[in-house]
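Undergrad: Here's the letter readout for the chains.
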Amino acid sequence: MSLTWIVILPFAGSLCAAFLPSHARNTAAWLAGGVALACVALTFQFYPQMMGGAVVRDVVQWAPSLGLDFTFRMDGFAWLFAMLVTVMGALVILYARYYMAPQDPVPRFFSFFLAFMGAMLGVVLSGNLIQLVVFWELTSLTSFMLIAYWYHRADARRGARMALTVTAGGGLCLLAGVLILGRIVGSYDLDAVLASGELVRAHSWYLPALILIALGALTKSAQFPFHFWLPHAMAAPTPVSVYLHSATMVKAGVFLLVRLWPVLAGTDAWFWIIGSAGLSSLVLGAYMAIFQRDMKGVLAYSTISHLGLITLLLGLNSALALIAAIFHIVNHATFKASLFMAAGMVDHETGTRDLSRLSGLYRAMPLTATLATVGAAAMAGVPLLNGFISKEMFFTETIFISGNLITRLGLPAMAVIWGIFSVAYSLRFILQVFFGPSARDLPRNPHEPPRWMLLPSALLVAACLVVGMVPAKTIEPYLDVASLSVLGADMPLHSLAVWHGVSLPLIMSLLAMAGGVLLYRALGKYQQGTAVVPLVDRFHLDGKRIFEFLLEKLDVSARGLTQWLSTERLQVQLLLLICAAFASALIPLSHGGLPEGDMSVAAIDPAFAMMWLVGAVCAIAAAAQAKYHRLAALSLSGAAGLATCMTFVWFSAPDLALTQLVVEVVTLVLILLGLRWLPPRYKSIDDDARSLGARIRARSRRLRDLGLAIVAGAGMTILSFAVLTRQAGEGISPFFIENSLLLAGGANVINVILVDFRGFDTLGEITVLGIVALTVFALLRRFRPAPESMGLTPQQQEQDAQTGRSPPDPHALLPVGPMMLPAVIVQLLLPVAGMVAVFFLLRGHNEPGGGFVAGLIVTTAVILQYLVGGTAWAESRTRIHPQYWIALGLLCAAGAGVSAWLAPRQFLSALTWHTTLPVIGELHLSTVLLFDLGVFLLVVGAAVLILVALAHQSRRGHRKAAPTHVEPKYEVAPGEMPSTPATAYALVQPNKGD
Amino acid sequence: MEVVYALAIGVLTGSGVWLLLRPRTFQVIMGLSLLSYAVNLFIFGMGRLTVGSAPIIDAIKQTDPSLYDDPVPQALVLTAIVIGFATTALFLVVLLASRGLTGTDHVDGEDSEP
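Read top to bottom, the protein sequences are chains A and B.
Last residue of the first sequence: 994 (the numbering used here), numbering continuous.
Last residue of the second sequence: 114 (the numbering used here), numbering continuous.
Just so you know, these hints were derived from the structure itself, not from any lab.
Using N, Cα and C, we set each Cβ at its ideal position, and we do this for glycine too.
Fair warning: there could be bad hints in the mix.
[To be verified] A few chain A residues that face chain B, going by a derived Cβ cut-off under 10 Å, partial list only: (1) Ala-616; (2) Thr-659; (3) Thr-725; (4) Val-939.
[Stated by the list, open to error] Computed beta-carbon distance windows for the label pairs: (5) A:Gln-61 with B:Ile-83: 36 to 44 Å; (6) B:Leu-49 with A:Val-614: 17 to 25 Å; (7) B:Leu-49 with A:Pro-680: 38 to 46 Å; (8) B:Ile-83 with A:Val-614: 26 to 34 Å.
[Unchecked claim] Covered stretches of chain A, as calculated for chain B (at least 3 residues, CB under 8 Å): (9) 628 to 639; (10) 838 to 848; (11) 940 to 951.
Kindly produce the complete structure, drawing on both the sequences and the hints.
TA: This is the structure:
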């Protein structure tokens, strides 16, 4: 279990740090440091088991029914890597505490940092390939956060985005590769995969899997040709660079290559793909590093080069090279971390990292200078330092390579050239910054950094020295444990020693060292004040530029493809949708045909036929009139709705008929309220404005749509008839009928289904209704009507002109004018409607009715008050707060559901009580009634809110118009009414500017 | 009877589809409303057409499923009617807002051809 804790702890710490106040830098640092040290301790306690070559596994069940578990697995190599990640993490946290400025939001930094550490430990300790990829992508994401920590800086944002694009894209390739690998092996479990190397290498899918996994690893490790993201990631705070680019992020790539080495290595394809990427990065990185002006830039390209070294060693297909690679992973982490820390300290104390400005810092910062010099010597491979030993091992491997003459001679030659380059850039790094005359124009006056900031760097440099002098006593046992777990029985005999006698590798080393010094001297003049890299810059081989070019091309082509394949035009989309509906109906029909029905057809009732004759004519007429005669179309469509309603009555669906009827009324009022805001449309104007070509196009489009409509109608007719004339299949309906009275105590099966059997669905439905109402309300709050529909409509003007308008008096007992009598009637209607609603609500469980119908009846009564009295008048007396009704309704319905837990039974189970009251008699109470009451309240609230919000808009129009335009509508005298509506609108239009 | 019912569905569908393909927002909202009548009738028809057998349990018929109309399509359609109202309201408000913002009642917010 403690294995799982190693991964969980950092994430938990990250969560805690995220909630700290932004100035709590000490608390955050203590928290992060504590977590890191705890992880170190937890990891180290596994060492005795690792020495015995054991593999520790820890399985946490996640979704056992799907066979999904969290598997954590630790062997020697994973242990070594976990130690590297946690120890480095602890050191960097100490360093970061002093590096970060007090005004930075430090807890956020440590939160991201710990999350990254957790993700990295997850990669290292995953026992399942898919799980590994998930953690892998998490490292990409969290490193994105870390690199973009100073998100106010454009270079940080850009660098972070580039790193994320490259590494997360590589992660996707890795996922594909791992999926193939898992298919070949038949399991994603790491142990199973590691045990089937022979099978994988012989498989025909080996090459695709290898290429995809290599893409993942090489992008992560910033290997050529994906190396360009790493220098741009230097925009991160230096502690991030220390951690990400020495010990963790970029090492994840080589970690994966080592992890899968027993499975994938040993073939020519492996040698060429991994080896050539490694060799190119090795030489190119070192070459580029010589010409950098930024201290961190030098280190970034040097990192590419050293990771190239590790990759190349892994690509050589030799067990000794693998040991050298693992050794160099550790060595590189120590000396590179100390150098990054030194660069950060110089930056921190002087305010610049520019090599051409820095000089002679040895006097002001002697300790920093000493530490950096030793670190750089290790980087250059000076004897008695750890970098020297792994370099010697590398040189030895290049000599013993078998193969043709080019590889046999070329590889050692390239190795020496790399050695020359790395000596040159290490020399330049140190001599330029710390030696020579003192710099004069530094942004800050340099002095030694705080002791605690120097400590991590000092510890790392000490490690370089100790490992470099007595490797056999210090690092060798751990290295053996790690190598053994990868190589198993193939582990060769080897020993780490400083002195091997005078041999070819030593001569190569000396050659490289001498060459490096010469090269540095030769380039001395050239490098002053220039950041141009010879050869590379001349041919525009700038990775960043190519990357951005490709990204832009991708963007443009994606947009082009979208434009080509899809459309923003609604008509085309609807056309395609209807065609798709046709296709989905035609495909099964073309296979099975449509056999004749087996049921007898009922005789046609002339009344029903007549009703639908009217209904059909109304529907067609509504379709024809909807463009120019909206009111007529609305009424005609309402007539078709009435026919539908009558059909429900006819065929034994009283509940549907009731609901349809009230919904019909409310919908009609709703759309009527909306009509006012639509632009006027006249056939004559439309026709005149159109050219001949446009008219022909419109006509042909209409013909096509008419055809489609006829086909759709005919198809639905045939389909409906076919369904209606055959026996219904055995469904779930008998259950509801048999159990409605028995289990739910209600005779109206429909209502019982809605409020009891399928109460949960209804709860969801009324929630949707409430959301829609609130959405409508919110949308209308920001509603901006078109300017020309702001004023009074021509009808209103005409009426005003005839009757003489007086401003509405909201406090009058009754509205004055022609609406006085109706107002009396609707006011009397309100209590009656309320009573009818209660009647329908209460009887709903046994007779047609229920919450929906009752709610809509009340809504109709309320909206009638608005219609007849006007908004101002209605609102001066009835203060309805529909929002409260919605909330109360939801509370009632949910409360009825929750009350079942008291019994205790499942959510929404009905509870019933029977009591006998003295006067009233027997009383039957049920939570179902409470639920239906909730439905009722919510329907009232939602419908009234929608309607009132819409009705309110006419008041807004007047209010807006009033201040800028002093009642122009009353100035139009009767008889002067403008003849065409267009000018009428112009007259009452308020100033367009506001 | 079934023929008339099927023809009614067909006419409502045809009118609805025609309006759905029109360029003006009001036409589309009318089309949706006609189409929803058709769809509701179609779903209701899945329970087959019976006369005088509303699914309300009474003492004489007891609980014999064959004597009642299918309640499941009815419950579905009842829900559909109410949700239909909500979507109509939402669509109406969106079309009004679009009209206010773009100055036209074309479904795409711009008049390509008058």
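Undergrad: Compare the structure with each hint and give your call.
TA: Quick rundown of the hints versus the structure:
Interface hint at A:Ala-616: satisfied, since its Cβ lies 4 Å from the closest Cβ of chain B, which is below the 10 Å cut-off. Taken as an interface hint, A:Thr-659 checks out: its beta carbon lies about 5 Å from the nearest beta carbon of chain B, inside 10 Å. For A:Thr-725, the interface hint holds, the least distance from its beta-carbon to any beta-carbon of chain B being 6 Å, beneath 10 Å. This hint holds: A:Val-939 has a C-beta 7 Å from the nearest C-beta of chain B, less than the 10 Å allowed.
Taken as a hint, the range 36 to 44 Å holds for the pair A:Gln-61 and B:Ile-83, whose Cβ atoms sit roughly 41 Å apart. Between B:Leu-49 and A:Val-614 the C-beta distance comes to about 19 Å, which sits within the given range of 17 to 25 Å. Remark: the range hint 38 to 46 Å for B:Leu-49 to A:Pro-680 is upheld by a beta-carbon distance near 44 Å. Separated by about 28 Å at the C-beta atoms, B:Ile-83 and A:Val-614 satisfy the suggested range of 26 to 34 Å.
Look at the segment 628 to 639 of chain A against chain B: 4 of its residues bring a Cβ nearer than 8 Å to a Cβ of that chain, three or more, so the hint holds. Taking a C-beta to C-beta cut-off of 8 Å, the segment 838 to 848 of chain A contributes 3 residues in contact with chain B, enough for the three needed, and the coverage statement holds. With 4 residues having a Cβ less than 8 Å from any Cβ of chain B, the segment 940 to 951 of chain A passes the three-residue criterion, so the hint holds.
Figure legend: structure checked against the earlier numbered hints; every hint is met.
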